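Chemist: Here is how the chains run, residue by residue.
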Amino acid sequence: MSRAVVATGIGTIGAHGAGRERLAEALAAGRPLAMEIDRSGGWHSPAGSRYAALAPVLDLTPWLPSAQARRLGRPSRFALVAARMAIEDAGIPALDGLRVAVVLATSFGAVAFTEKLVEQILIEGPEAAQPFYFSECVANAAAAQVAIGIKATGANVTLTQREAGPVLALARGAREVAEGRADVAIVGATDEMTPLLHGLLDRFHATARAEDGRDEAARPFDGGRNGFLAGEGASAIVLEAEEAARRRGARPLARVGRTASGFDPTATASDWGHGGASLGRRLAAMLDGQAPLESIDRIVSGASGSRRGDRLEAATLRAAWSGRSLPPVVTPKAVIGEYGGGILAAGALAASGARFGFPTAWMAPDPEMTISPHDGSPLDAPRRVLLTGLAAGGAAAWAVLERI
Amino acid sequence: MPGADPGPLPTDIVITGLGAVTPFGWGVGPLWEGLRRGATAIGPFSRFDASRHRTHLAAEVPERPSPDRLGPRVSLADRLAVASAREALGHADLDLRRCPERAGVFFGSSNGGMLESERFLEAALRDGRRRARTSAIVSQQLNGPGDAVARALRVEGPVETVSSACTSGAMAIGGALRALRRGEIDVALAGGADSLCQITYAGFNALRSVDEAACRPFRADRAGLSLGEGAAVLVLETGAAARARGARPIAVLAGEASACDAHHMTAPAPDGAGAAEAIRMALADAGRTADDVDFVNAHGTGTPLNDAAEAAALHAVFGPRTGSIPVTSTKALIGHLLGSAGAIEALATVLCLVRRELHPMPAAGTLDPAIGLDLVIASPRPLRRSRCALSTNLAFGGSNAALVFTSAGRA
Numbered sequence: 002m003s004r005a006v007v008a009t010g011i012g013t014i015g016a017h018g019a020g021r022e023r024l025a026e027a028l029a030a031g032r033p034l035a036m037e038i039d040r041s042g043g044w045h046s047p048a049g050s051r052y053a054a055l056a057p058v059l060d061l062t063p064w065l066p067s068a069q070a071r072r073l074g075r076p077s078r079f080a081l082v083a084a085r086m087a088i089e090d091a092g093i094p095a096l097d098g099l100r101v102a103v104v105l106a107t108s109f110g111a112v113a114f115t116e117k118l119v120e121q122i123l124i125e126g127p128e129a130a131q132p133f134y135f136s137e138c139v140a141n142a143a144a145a146q147v148a149i150g151i152k153a154t155g156a157n158v159t160l161t162q163r164e165a166g167p168v169l170a171l172a173r174g175a176r177e178v179a180e181g182r183a184d185v186a187i188v189g190a191t192d193e194m195t196p197l198l199h200g201l202l203d204r205f206h207a208t209a210r211a212e213d214g215r216d217e218a219a220r221p222f223d224g225g226r227n228g229f230l231a232g233e234g235a236s237a238i239v240l241e242a243e244e245a246a247r248r249r250g251a252r253p254l255a256r257v258g259r260t261a262s263g264f265d266p267t268a269t270a271s272d273w274g275h276g277g278a279s280l281g282r283r284l285a286a287m288l289d290g291q292a293p294l295e296s297i298d299r300i301v302s303g304a305s306g307s308r309r310g311d312r313l314e315a316a317t318l319r320a321a322w323s324g325r326s327l328p329p330v331v332t333p334k335a336v337i338g339e340y341g342g343g344i345l346a347a348g349a350l351a352a353s354g355a356r357f358g359f360p361t362a363w364m365a366p367d368p369e370m371t372i373s374p375h376d377g378s379p380l381d382a383p384r385r386v387l388l389t390g391l392a393a394g395g396a397a398a399w400a401v402l403e404r405i
Numbered sequence: 361m362p363g364a365d366p367g368p369l370p371t372d373i374v375i376t377g378l379g380a381v382t383p384f385g386w387g388v389g390p391l392w393e394g395l396r397r398g399a400t401a402i403g404p405f406s407r408f409d410a411s412r413h414r415t416h417l418a419a420e421v422p423e424r425p426s427p428d429r430l431g432p433r434v435s436l437a438d439r440l441a442v443a444s445a446r447e448a449l450g451h452a453d454l455d456l457r458r459c460p461e462r463a464g465v466f467f468g469s470s471n472g473g474m475l476e477s478e479r480f481l482e483a484a485l486r487d488g489r490r491r492a493r494t495s496a497i498v499s500q501q502l503n504g505p506g507d508a509v510a511r512a513l514r515v516e517g518p519v520e521t522v523s524s525a526c527t528s529g530a531m532a533i534g535g536a537l538r539a540l541r542r543g544e545i546d547v548a549l550a551g552g553a554d555s556l557c558q559i560t561y562a563g564f565n566a567l568r569s570v571d572e573a574a575c576r577p578f579r580a581d582r583a584g585l586s587l588g589e590g591a592a593v594l595v596l597e598t599g600a601a602a603r604a605r606g607a608r609p610i611a612v613l614a615g616e617a618s619a620c621d622a623h624h625m626t627a628p629a630p631d632g633a634g635a636a637e638a639i640r641m642a643l644a645d646a647g648r649t650a651d652d653v654d655f656v657n658a659h660g661t662g663t664p665l666n667d668a669a670e671a672a673a674l675h676a677v678f679g680p681r682t683g684s685i686p687v688t689s690t691k692a693l694i695g696h697l698l699g700s701a702g703a704i705e706a707l708a709t710v711l712c713l714v715r716r717e718l719h720p721m722p723a724a725g726t727l728d729p730a731i732g733l734d735l736v737i738a739s740p741r742p743l744r745r746s747r748c749a750l751s752t753n754l755a756f757g758g759s760n761a762a763l764v765f766t767s768a769g770r771a
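Just so you know, the sequences run in chain order D and B.
The opening position of the first sequence corresponds to residue 2 in the numbering used here, with each subsequent residue numbered one higher.
The opening position of the second sequence corresponds to residue 361 in the numbering used here, with each subsequent residue numbered one higher.
Treat the hints with care, since some could be wrong.
[Said to hold, decoys possible] Covered stretches of chain D, as calculated for chain B (at least 3 residues, CB under 8 angstroms):
| hint | stretch |
| --- | --- |
| 1 | 20 to 34 |
| 2 | 108 to 120 |
| 3 | 148 to 157 |
| 4 | 257 to 268 |
| 5 | 366 to 377 |
| 6 | 390 to 401 |
[What the hints assert, rightly or not] Sample of chain D residues with no beta-carbon within 10 angstroms of chain B, all distances over it, derived:
| hint | residue |
| --- | --- |
| 7 | Pro63 |
| 8 | Glu137 |
| 9 | Arg163 |
| 10 | Ala251 |
| 11 | Ser296 |
| 12 | Arg312 |
Derived from the structure by calculation, the hints contain no laboratory data.
Computed from a predicted structure; not experimentally measured.
Ideal Cβ positions, reconstructed from N, Cα and C, are used throughout, including at glycine.
Working from the sequences, and respecting the hints, build out all of it.
Modeler: And the structure:
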């Protein structure tokens, strides 16, 4: 059984605020949503990163009552809000009687509660460990809370494949629907950024920093890029069988086309590798046939400003397109940062014709890569959008979203 | 994928290799010997100082007999994973270098390298935050074990880590089954790895879910789980690929499914509805019925609520036949391996299926009449019929997973 699968709703929360409209505005503006992160804990290197794309304090009560929010870690809160927002956006009146799968990705899980729990254990002693922190710090807490919150009794899967996770979640959720195991799938990603996690990413030189007279900013594909903008939040997308969506009068945003994933064994545990040629062949094989290269007219790239990650992304795309011109490439992580799943919502918005501005912090191309983010000029709505996600550690995932 | 023309797809997915590192030792051989013996490996341990914890027992993997040459910046969970994968691949007599892009890794892990992260944080608290060496946490990530296997074996196909608590390993194996059936790959290394760490040890103790003695699944006086560590890997291939290279299938992975209770974060639905749904769907996926199942390797943690819910699920699926289906729990012998539990129990299920003998649980504890299961206790049970077996897992957050294995003769 293989059914056509469509995205019918988007929910998103992050540095851009809450809702697809806020995200679309931010992506159109192209300005990084950076704010200063608390460095007083002493985790950062002295000359290290100062900014992160943090979710502001928002009134989430329309989707999550305060009493319920207090019982959840931030990744669970983000995820449940995004899921309810996506269901609302999809216009599904009730999920009763539907088999609903939840597939969420997270890179780091509930970091704040994990930190608190470990500190309790190490400083106050194991008996001081609070059960609430423990149950909320397991990696699948967010997916479970979404399931409990919306009564989703289908498969409940948490994928932890770093930066490839959101695209892998989209693919796995789409298969749940395509192969008939679910009527609806809520797919997405959630993450939080804490001072400790940010400090560690800084010490690994993963995040951007002020250097050589340049301000601290994520500059995907830029010759002077030196790291990403760490972000947080959650995005969720509602997937349904196209036939069922049309039957209930929904207006689908995009159809999920082909998906693929691969691995670059030249990567290290904490960085990207140099296997772009091999990954490019895999990507080209995915695009061969029903979604040929020529039909891809937008790339929503997972490039983040990472030195090696962007180089690998460029090499992969170049290898897949093998000498042909790439379609316009947009880089939402320059605005909303890495982590939190905004890339998924950005992909769905791109497929439904949203405009992406030029990343304002961008300065000059990297002569090695010769890819520049799209200049922000208006473009026709794309027929097919390629969504990419290459992870530190070696995993890679791609998905095609088709205009309807 | 939707819209794709899949062509003729493989229908039979066979197991051609097994690898494991468990508290019984490094390798499948020591595991099977330990399982047959039926004496628990749960006891005092030294992975970390447990003296300040409420309980003091766990099932710990013994020292590795020889170095693994993976270098110093690798977590224990990664090491267990890579050792298991190498053993499984050797057992399958398979060389992935011939076609690395047709191979995938599907792994479950709940903690990744949390043990090493705790050591980093301990050093940070002791020596100062800027002095603590970040090299200690390089492979702390949840995707660490699966990625480590893929890097060590130069895999270029899909790599997917599931972190759905205690169902992670089973769901990872299920994901591999789907990828093979879709024809995305010809071979998968599917399994899981987790090491003991303080956060889970203290966390389960905080929930009062850990037994002060070794766990006693399904017994009347059961008082909680026992934690363990280890890894297991199954080599899965399409039947066609295995036959083409002359490999002899060990067994068939016939079906998988998962379902969620959507009930409570830490307690299963008392009626076991989600677990029952997962079992029914897995049997349907395998083209089998409840009557076909010859034995069950149950999740069987030893917590009062889990065992009651799981027993309810088995009764719901098997009806009056429930009391005559032999049931065992591998956790009684090696503890709860969390993200790796589904993988090691799948492997134990395959061993029992193939060797036509169900491993026992220790004799400790009195039978719980409310459970109503035919538990295999004290000594191995020869299986008159051993053609179809079920392995179940229930997890935090209400996630449930079931795998169905059949003997290779019926592939």
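Chemist: Taking the numbered hints from earlier one at a time, note which ones the structure violates and give those numbers from smallest to largest.
Modeler: 1, 5, 8, 9
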